[in-house]
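Q: With chain A's structure known, arrange chain B on it following the hints.
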Amino acid sequence: MNIELQNIHKYFGRVHANNDITITLNAGQIIGVLGENGAGKSTLMKILSGYQPADSGQILIDGQVMTYQGPRAAIKAGIGMLQQDPLDVGAFTVLENYMFQAEGGILPNRRAAYRELIAANERFGFELDPNALVENLSIAQRQQLEIVRLLSLGVKTLILDEPTTGISAEQKQALFDALRQLASEEQLIVLLVSHKLEDVITLCNSVFVLRNGELVGQQEMPATPAELVTMMFGEGLPPPERESAQIGDVTFRVEDVSIHDGRINMTGINLRIRAGEVIGLAGLEGSGQELFMRACVGLHRIHSGEVYVQDRRMTNRPYRQFMKHGVLFGAAGRVEEGLIAGMSLTEHMALSMDQKRVINWQTAQMRIQDQIAHYNIRGRATDNIEQLSGGNQQRVLMALLPEHPSVLVLEQPTRGLDVESARWIWQQLLARRKTGTGIIFSSAELDEVITYSDRILVFYAGRVHEIADASRTTLDELGHLIGGEFE
Amino acid sequence: MANLNNTDSLNAVLVRLAFFILPIIISLAISALLVIAVDRDPMEVSQLIWEGAFRNQRSQAGVLNLFITLVLVSIGLIVTFRAGLWNIGVEGQMMMGAVFASIIPMAFLQNESLDPAAFPQPLIVGGSILLAMFGGILWATLVGILKIYLGINEIFGGVALNALANVGAIYLISGPWEPDIGGSAQGTAPFPKETLIPQISSEFPTSLLMLVICAVAFIVVTFMLTRTRWGLSLKANGLNDRSALLLGVATDRIGMSAFWVCGALAGIAGSYRALFTFDSLRPLASGGIGFLGLLVVLLVSIRIIWVPLVAFIFAAILSGSTRLRISLQLDSSLASVLQGTLVLLVLLSNGARDAWFRRRNTTQPDQSGEI
Numbered sequence: 000m001n002i003e004l005q006n007i008h009k010y011f012g013r014v015h016a017n018n019d020i021t022i023t024l025n026a027g028q029i030i031g032v033l034g035e036n037g038a039g040k041s042t043l044m045k046i047l048s049g050y051q052p053a054d055s056g057q058i059l060i061d062g063q064v065m066t067y068q069g070p071r072a073a074i075k076a077g078i079g080m081l082q083q084d085p086l087d088v089g090a091f092t093v094l095e096n097y098m099f100q101a102e103g104g105i106l107p108n109r110r111a112a113y114r115e116l117i118a119a120n121e122r123f124g125f126e127l128d129p130n131a132l133v134e135n136l137s138i139a140q141r142q143q144l145e146i147v148r149l150l151s152l153g154v155k156t157l158i159l160d161e162p163t164t165g166i167s168a169e170q171k172q173a174l175f176d177a178l179r180q181l182a183s184e185e186q187l188i189v190l191l192v193s194h195k196l197e198d199v200i201t202l203c204n205s206v207f208v209l210r211n212g213e214l215v216g217q218q219e220m221p222a223t224p225a226e227l228v229t230m231m232f233g234e235g236l237p238p239p240e241r242e243s244a245q246i247g248d249v250t251f252r253v254e255d256v257s258i259h260d261g262r263i264n265m266t267g268i269n270l271r272i273r274a275g276e277v278i279g280l281a282g283l284e285g286s287g288q289e290l291f292m293r294a295c296v297g298l299h300r301i302h303s304g305e306v307y308v309q310d311r312r313m314t315n316r317p318y319r320q321f322m323k324h325g326v327l328f329g330a331a332g333r334v335e336e337g338l339i340a341g342m343s344l345t346e347h348m349a350l351s352m353d354q355k356r357v358i359n360w361q362t363a364q365m366r367i368q369d370q371i372a373h374y375n376i377r378g379r380a381t382d383n384i385e386q387l388s389g390g391n392q393q394r395v396l397m398a399l400l401p402e403h404p405s406v407l408v409l410e411q412p413t414r415g416l417d418v419e420s421a422r423w424i425w426q427q428l429l430a431r432r433k434t435g436t437g438i439i440f441s442s443a444e445l446d447e448v449i450t451y452s453d454r455i456l457v458f459y460a461g462r463v464h465e466i467a468d469a470s471r472t473t474l475d476e477l478g479h480l481i482g483g484e485f486e
Numbered sequence: 000m001a002n003l004n005n006t007d008s009l010n011a012v013l014v015r016l017a018f019f020i021l022p023i024i025i026s027l028a029i030s031a032l033l034v035i036a037v038d039r040d041p042m043e044v045s046q047l048i049w050e051g052a053f054r055n056q057r058s059q060a061g062v063l064n065l066f067i068t069l070v071l072v073s074i075g076l077i078v079t080f081r082a083g084l085w086n087i088g089v090e091g092q093m094m095m096g097a098v099f100a101s102i103i104p105m106a107f108l109q110n111e112s113l114d115p116a117a118f119p120q121p122l123i124v125g126g127s128i129l130l131a132m133f134g135g136i137l138w139a140t141l142v143g144i145l146k147i148y149l150g151i152n153e154i155f156g157g158v159a160l161n162a163l164a165n166v167g168a169i170y171l172i173s174g175p176w177e178p179d180i181g182g183s184a185q186g187t188a189p190f191p192k193e194t195l196i197p198q199i200s201s202e203f204p205t206s207l208l209m210l211v212i213c214a215v216a217f218i219v220v221t222f223m224l225t226r227t228r229w230g231l232s233l234k235a236n237g238l239n240d241r242s243a244l245l246l247g248v249a250t251d252r253i254g255m256s257a258f259w260v261c262g263a264l265a266g267i268a269g270s271y272r273a274l275f276t277f278d279s280l281r282p283l284a285s286g287g288i289g290f291l292g293l294l295v296v297l298l299v300s301i302r303i304i305w306v307p308l309v310a311f312i313f314a315a316i317l318s319g320s321t322r323l324r325i326s327l328q329l330d331s332s333l334a335s336v337l338q339g340t341l342v343l344l345v346l347l348s349n350g351a352r353d354a355w356f357r358r359r360n361t362t363q364p365d366q367s368g369e370i
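So the sequence lines, in the order shown, correspond to chains A and B. Under numbering that gives the first Met the number 0, the residue at position 356 of the first sequence is numbered 355, and the numbers go up by one with no gaps. Under numbering that gives the first Met the number 0, the residue at position 333 of the second sequence is numbered 332, and the numbers go up by one with no gaps.
FYI, nobody ran anything at the bench for these hints, they're computed from the structure. Being a predicted model, the structure only gives us computed values, none of them experimental. Hints may contain errors.
[As the list claims (entries may be wrong)] Pair by pair, the computed Cβ-Cβ distance ranges are:
1. A/61 - B/35: 56 to 62 Å
2. B/151 - A/312: 29 to 35 Å
3. B/227 - A/368: 36 to 42 Å
4. B/46 - A/368: 55 to 61 Å
5. A/185 - B/302: 53 to 59 Å
6. B/155 - A/312: 35 to 41 Å
7. B/302 - A/368: 35 to 41 Å
8. A/263 - B/347: 42 to 48 Å
9. B/155 - A/117: 43 to 49 Å
10. A/117 - B/347: 46 to 52 Å
11. B/302 - A/71: 34 to 40 Å
12. B/346 - A/117: 49 to 55 Å
13. B/162 - A/263: 39 to 45 Å
Where a beta carbon is used, it is the ideal one built from N, C-alpha and C, also for glycine.
This is chain A alone, in the form it adopts within the complex (with noise of 0.2 Å):
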């Protein structure tokens, strides 16, 4: 299968979000995708796998123009995509999500479904219960289902987006291998739209960079992390600075906290945070990191054991009296939890800038005109949030904090971001770290979590291991130590 993206255009109101893009994609390659938050290349992979119609252009497939719409016509036309998080059914087993869709009728043959995915499971090396429940299933394994699934109903071209996010070493390198295979052996054309250079430089053979909806770049690898971003951003990018802070006295302490819900139970975990203070969170998706963040402030029931800020008393107090004393909470769902779509920019200043009962619209105009300015937001005071990319989006939640919090507790502060939005958001935080704001922050990229970190405590089912020095872990100790490797 030969892939010819043609002159496409996608508008999005006034942004031009797709701008005459032409490329072609050859049978057997592993393609990256690269480019900032909003650049442009979820839309086009979108385009390619049915979610979206092009505005102009056409798609031409093995010398063919198709016009499918909708992503169950791009997978008859051979074209599937693996989303971040894949789109299947909790409450089934692997194996009737395997079936879903898959063609057959009414009563379609089970057994012979059950062989095919012991089959895969041989072939790639994977892990698939037929009768586990998907709702059990680790990202990682979510994925390799995927995977089989889109394999299954004859797809050509497999788009995967963001996919060795939440997984850990070893399911990456199992990802890797099957994504190789698939290429050499069975000609696939792979699409891998990552933010992670190291990814795209170990597994592909060709990256596209996207700069605001134009094709910029072209480039058969190898090539080094330094040249991509130079055709990601224009520039490269001095790398992150660590400047080392004055750590003060213990601001937040949890002591001997007991946390349950349905799936994990913790017990006896001890945290002392100091002013200045960074502290990461590690582990595999669902390990008990966030349920523990989230208990801190007031967001989840501590069944035994006590907060403190300061030394006031605050365990199981409702979130408000948490930030009323400087400990204020971020949601890794921006727009799910954090922001509201709906509401303007202007809107979500006069909600946060102060407890006065009637509201200055002026006044928050101002303030938030200046914090677009301070803070290089690409977006109107009068836009609704969810207009906003991504990295904008986490922009605005940085200047709707107060001045000096002190305890910031992030889940994933700089998740789905581009290098750029990410290291951004890094010098705002340190720079809060300076004037005495601790720092408790989880991430699903273990060397955010050691380059930021000044102390590690690494989740696994609920128990916890703690790294007393970051500076002293390498990649592959907190790899392991995220399997559960603790001893």
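A: Chain B alone, transformed into the frame defined by chain A:
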């Protein structure tokens, strides 16, 4: 480029206008077809509705009386809708307003030693209205507790409490507040004149006091929604309560306060039904006005500025349609058919308009934030 933008925005305005006018025309056409189907002339029907509403001062006052209750509950419902709460229990809150407003008049009726003329009328009426507000708030609080602290959907809680309010009123009418002449559950004995809300004149029987209360409620609630942190918090809570919580909104308190405001206004509306419309407590005194308020709020898409106009048109059509039975032997529920069709088509049209704009890509990137 500027010209292109101007043409685009002009087109967008024209499309919006079309999506606004079309459902009105279609619902009028459907109602006209219904009228034709039963061998009547649609023009004659509309003429009769107009005359029924505005032919003289008494009929005009009738429209205003319906308008007063409708606009009060609609303003209250705007508040709960803004907070993302479907306060279907407004009917019961109105009913409890009527019940609580009847306490003072019933005390005079049942206690011969008390002479209402010995008390200043503003005190009696003011006290009754305050009690009605309390009754409405009490009932709204129950829905609020069920919703906010026990996680029971406000629609289910509201429906149950509506039924309970009606049963409670029937119990009072056929029990402790039964008229001396015997219980037929038709209503209490007429309240003493001094306990009733005064009318402007017998030729124009409506209440200036209540019109003033409506105006004040409209101005205050509009100010609160657009200018205060409370109003913005309601909006935040209605759009995304999890984010609102993280932005510092006391989501439980804000939800409860929305119920209170709605309950208080529904209570006042209920008092008007008991102390003006019927001069007594009747079963089902709320008369479906709470539900009609829901239609008004749906029709105006929670924009308070349009509430008085739409409530007035609804009141005029409903009030005017009573003449249909007399003159054409047509049931006045034709007006309800018109209103129901209109609301349904407006909602349909809003959905179609949004889909149309989405397809035209006049919206920005999807919620993933990526483009």
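Q: What are the numbers of the hints that this structure violates, sorted from low to high?
A: 3, 7
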